[in-house]
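S.K.: Starting from the structure of chain R, add chain E where the hints point.
Single-letter residue listing:
Number of protein chains: 2
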Amino acid sequence: MNDFSQYVELLGRNARKAAFHLARLDGATKVAVLLRIAKAIREGKSALIEANANDLKEASKAGLAPSLVARLILNDKRIAAMADGVEQIAAQTDPVGQVIEGYVRPNGLRITKMRVPLGVILFFYESRPNVTSDAAALCLKSGNAIILRGGKEAFHSNQAIVAIIKTALRDAGVDENAVQFIQTTDRNLIPLILKQDKYIDLVIPRGGESLIRAIVKDSTIPVLKHYTGNCHIYIDAATAGMDEQIRNICVNAKTNYPGGAVCNAVEHLLFHKDVATRLIPQVCADLAKAGVEVRGDAHTRKLYPSAQPTSAADWDTEYLALTISIKVVDSLDEAVAHINEHGSHHTDAILTSDLRAAEQFTRDVDSGSVMVNTSTRFADGGEYGLGAEIGISTDKLHARGPMGATDLTTSKWIVTGNGQCR
Amino acid sequence: MNDFSQYVELLGRNARKAAFHLARLDGATKVAVLLRIAKAIREGKSALIEANANDLKEASKAGLAPSLVARLILNDKRIAAMADGVEQIAAQTDPVGQVIEGYVRPNGLRITKMRVPLGVILFFYESRPNVTSDAAALCLKSGNAIILRGGKEAFHSNQAIVAIIKTALRDAGVDENAVQFIQTTDRNLIPLILKQDKYIDLVIPRGGESLIRAIVKDSTIPVLKHYTGNCHIYIDAATAGMDEQIRNICVNAKTNYPGGAVCNAVEHLLFHKDVATRLIPQVCADLAKAGVEVRGDAHTRKLYPSAQPTSAADWDTEYLALTISIKVVDSLDEAVAHINEHGSHHTDAILTSDLRAAEQFTRDVDSGSVMVNTSTRFADGGEYGLGAEIGISTDKLHARGPMGATDLTTSKWIVTGNGQCR
Chain R
1 MNDFSQYVEL
11 LGRNARKAAF
21 HLARLDGATK
31 VAVLLRIAKA
41 IREGKSALIE
51 ANANDLKEAS
61 KAGLAPSLVA
71 RLILNDKRIA
81 AMADGVEQIA
91 AQTDPVGQVI
101 EGYVRPNGLR
111 ITKMRVPLGV
121 ILFFYESRPN
131 VTSDAAALCL
141 KSGNAIILRG
151 GKEAFHSNQA
161 IVAIIKTALR
171 DAGVDENAVQ
181 FIQTTDRNLI
191 PLILKQDKYI
201 DLVIPRGGES
211 LIRAIVKDST
221 IPVLKHYTGN
231 CHIYIDAATA
241 GMDEQIRNIC
251 VNAKTNYPGG
261 AVCNAVEHLL
271 FHKDVATRLI
281 PQVCADLAKA
291 GVEVRGDAHT
301 RKLYPSAQPT
311 SAADWDTEYL
321 ALTISIKVVD
331 SLDEAVAHIN
341 EHGSHHTDAI
351 LTSDLRAAEQ
361 FTRDVDSGSV
371 MVNTSTRFAD
381 GGEYGLGAEI
391 GISTDKLHAR
401 GPMGATDLTT
411 SKWIVTGNGQ
421 CR
Chain E
1 MNDFSQYVEL
11 LGRNARKAAF
21 HLARLDGATK
31 VAVLLRIAKA
41 IREGKSALIE
51 ANANDLKEAS
61 KAGLAPSLVA
71 RLILNDKRIA
81 AMADGVEQIA
91 AQTDPVGQVI
101 EGYVRPNGLR
111 ITKMRVPLGV
121 ILFFYESRPN
131 VTSDAAALCL
141 KSGNAIILRG
151 GKEAFHSNQA
161 IVAIIKTALR
171 DAGVDENAVQ
181 FIQTTDRNLI
191 PLILKQDKYI
201 DLVIPRGGES
211 LIRAIVKDST
221 IPVLKHYTGN
231 CHIYIDAATA
241 GMDEQIRNIC
251 VNAKTNYPGG
261 AVCNAVEHLL
271 FHKDVATRLI
281 PQVCADLAKA
291 GVEVRGDAHT
301 RKLYPSAQPT
311 SAADWDTEYL
321 ALTISIKVVD
331 SLDEAVAHIN
341 EHGSHHTDAI
351 LTSDLRAAEQ
361 FTRDVDSGSV
371 MVNTSTRFAD
381 GGEYGLGAEI
391 GISTDKLHAR
401 GPMGATDLTT
411 SKWIVTGNGQ
421 CR
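Sequence order for the protein chains is R and E. Here the first sequence is numbered in the working numbering, starting from 1 and rising by one per residue. Here the second sequence is numbered in the working numbering, starting from 1 and rising by one per residue.
Next comes chain R alone, as it looks inside the complex:
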């Protein structure tokens, strides 16, 4: 373990030094660096595909599930999309230096609250290699150094992407430790790096709940959790004339992402009892036709007998698959209570024509994104207009919901006087 102790300390110290350097860069320099990285990604295509082939070979040897292999693949289109993503981040407004508040106090002190980089970010993520370039670009844009720990399956691909980024940084005269990649997949390193609170300002873990829980437990650094989503759609009593819209939204929210394996897919539908008879048979038939396994409570099964019975565990389950469970509720209050109890505070929607129901739902459901008359699939940084996202925070602190470059900044109070004493 001694080696890892020294290694994590080195990663931290290097990152802190790079962060000091990054915080001093002006916006034009950061844009130039990002455009250089995008160009290098396009030009490095064959090296990336070669490294990716190593990962795919190991994945096939290890018998990785086809849906995971699909996420892992780098091809011409995906590499071009990675470069596009970096260019889009380059084109965003620079969050650093923005004045959040500013005023003069009665004693003449000028008070300014200004956005500044957070410093050093430690980022855990899973199998999609494009997350590597997205995360590095978002951190560079916001003036932060990043330490990357990607999924084991994508190790060679991620390593190749970081090598390209580092070359571009060096060529631009920027400290290449702005982007560091942990050169081992050994899990024993994790508890050690999570104690480097002297150097690291924030941990962002994206991945399974058990990984995130382990990180929270071990970390003395603040953690912004990105749990996956147990999302709901509640279909209200006041939905006359909305049948087609409701059918479209429910099917879209479940099936729009291949296999439903995404955090903003809907997992549970709650129907108000007054509309259950009218809507459940049609919505269930649509879902079944789209290849979804439908589960339901007793009331649902009476209206749609092909539904499988739900067990208590269903309501707390994020399927991440083409499975959905359906419950009939007596009231909006019951729907809200169910969602706050069983949901993951990620994204939940109401379908209604009743303004007061919409207002009550958006006020009372304690989730990062609360939607009215649209698909939960829109909970996404790109769809919200943030450019790329580093993840979707299910935390309430600092940032909630889709996180972009601005969420990777903190603020600094700048107080200017001319000799004032207290």
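Treat the hints with caution; some may be incorrect.
[Stated by the list, open to error] In the BS3-like style, the derived pairs of lysine-lysine whose C-alpha atoms are separated by at most 25 Å in a straight line are:
#1 E:Lys195 <-> E:Lys152
#2 E:Lys17 <-> E:Lys198
#3 E:Lys302 <-> E:Lys273
#4 E:Lys273 <-> E:Lys289
#5 R:Lys195 <-> E:Lys17
#6 R:Lys302 <-> R:Lys289
#7 E:Lys17 <-> E:Lys273
#8 R:Lys113 <-> E:Lys273
#9 R:Lys57 <-> R:Lys152
#10 E:Lys57 <-> E:Lys45
#11 E:Lys195 <-> R:Lys195
#12 E:Lys166 <-> E:Lys45
#13 R:Lys217 <-> E:Lys195
#14 R:Lys45 <-> R:Lys77
#15 R:Lys198 <-> R:Lys17
#16 E:Lys166 <-> E:Lys39
#17 R:Lys198 <-> E:Lys217
#18 R:Lys195 <-> R:Lys17
#19 R:Lys217 <-> E:Lys217
#20 R:Lys198 <-> R:Lys217
#21 E:Lys217 <-> R:Lys195
#22 R:Lys217 <-> E:Lys198
#23 R:Lys77 <-> R:Lys166
#24 R:Lys152 <-> R:Lys45
#25 R:Lys198 <-> E:Lys195
#26 R:Lys39 <-> R:Lys217
#27 R:Lys217 <-> R:Lys152
In case anyone wonders, no lab produced these hints; they're calculated from the structure. Given the structure is predicted, the values throughout are model-derived calculations rather than measurements.
M.R.: Leaving out everything else, chain E in the frame of chain R:
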């Protein structure tokens, strides 16, 4: 320990339920509740003084330091100030419901980012009883439930203040669990309550560094740290004609708070070598005259021989006393590096007439408050115009520097459509 397990779970569950209730209150109701609490504090003066007498008796038995006893005392003036504080918080703009951002996407989705209460806050604090009413009022204003854990020395005083608040809450028809007070000073409870992440959204500890470190280590709930301050003033080369201002600011920053026992007092002065000969003798003489023990590096002692020699440990020490240490530096860069290395990222100031030096210092010093030509003692929620403060965050996440009611909120994305699918 079994009892504590049940007790902390109960505290958490009660608070979560109260938080749901508080989040639904409109602003006028919250103002009315706060004004009722202020009135009840004024009317409860004799009960408060009686409870406080118990604490003072125990403090005297325990031989508590006079400076701590002084903080503990409740008298007519302090009780009136507590009530005034609650009224000032009542008069603030309600942060809940404020729209931080709002726009329409090309597909017609309306996106709104709105401030909402955080939920449940667990607050650790020390001996001053007025913090109890300030913290409770800030949490009520921002729609949060609070669980209070005050200093052992102020146990009876805090209990009496909370009893008054609870009566006022009940009289106003508000869930009295909005404000809960931990009814034991047993430290074994602490690690257990720090695991109630199901119910508690944020821990704010104010106190000694060792307490805060222990909390960070044990907590699975996000912690906003309020370390005390190791603050600096750097006196730049470009200070011609500023002698009197410099002398006033240095003495004010060190001695304005009785005994210097406050986090925003200055602990270290760094003089640029070009002005050391001119300024060190006068500033040191002023400080000594104000009762300050002056320590200095070799260069300082040559210019002011009565200074005591500094040891390496001095530079990392927050004295919280009438002691100061002085160092001569070769450059602004050296001053910045020293502050970022040895400071606590709380509050640091530069005294200069050079615009570029001021800009470099405010950009490069990595602290919550960075000041130009004024006293570090202004780092305070009241002085920044936030009304009361729940503390001064030395963290970078979520809130940095003095924290008011707005910093006790999070945001929620509200997305409204008319049938959009992805």
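S.K.: Evaluate each hint against the coordinates.
M.R.: We went through each hint and held it up to the structure:
no. : hint                  : in the structure
1   : E:Lys195 <-> E:Lys152 : 22 Å, holds
2   : E:Lys17 <-> E:Lys198  : 12 Å, holds
3   : E:Lys302 <-> E:Lys273 : 13 Å, holds
4   : E:Lys273 <-> E:Lys289 : 24 Å, holds
5   : R:Lys195 <-> E:Lys17  : 34 Å, violated
6   : R:Lys302 <-> R:Lys289 : 19 Å, holds
7   : E:Lys17 <-> E:Lys273  : 60 Å, violated
8   : R:Lys113 <-> E:Lys273 : 32 Å, violated
9   : R:Lys57 <-> R:Lys152  : 13 Å, holds
10  : E:Lys57 <-> E:Lys45   : 18 Å, holds
11  : E:Lys195 <-> R:Lys195 : 19 Å, holds
12  : E:Lys166 <-> E:Lys45  : 16 Å, holds
13  : R:Lys217 <-> E:Lys195 : 10 Å, holds
14  : R:Lys45 <-> R:Lys77   : 10 Å, holds
15  : R:Lys198 <-> R:Lys17  : 12 Å, holds
16  : E:Lys166 <-> E:Lys39  : 13 Å, holds
17  : R:Lys198 <-> E:Lys217 : 14 Å, holds
18  : R:Lys195 <-> R:Lys17  : 18 Å, holds
19  : R:Lys217 <-> E:Lys217 : 9 Å, holds
20  : R:Lys198 <-> R:Lys217 : 18 Å, holds
21  : E:Lys217 <-> R:Lys195 : 10 Å, holds
22  : R:Lys217 <-> E:Lys198 : 14 Å, holds
23  : R:Lys77 <-> R:Lys166  : 23 Å, holds
24  : R:Lys152 <-> R:Lys45  : 21 Å, holds
25  : R:Lys198 <-> E:Lys195 : 24 Å, holds
26  : R:Lys39 <-> R:Lys217  : 40 Å, violated
27  : R:Lys217 <-> R:Lys152 : 22 Å, holds
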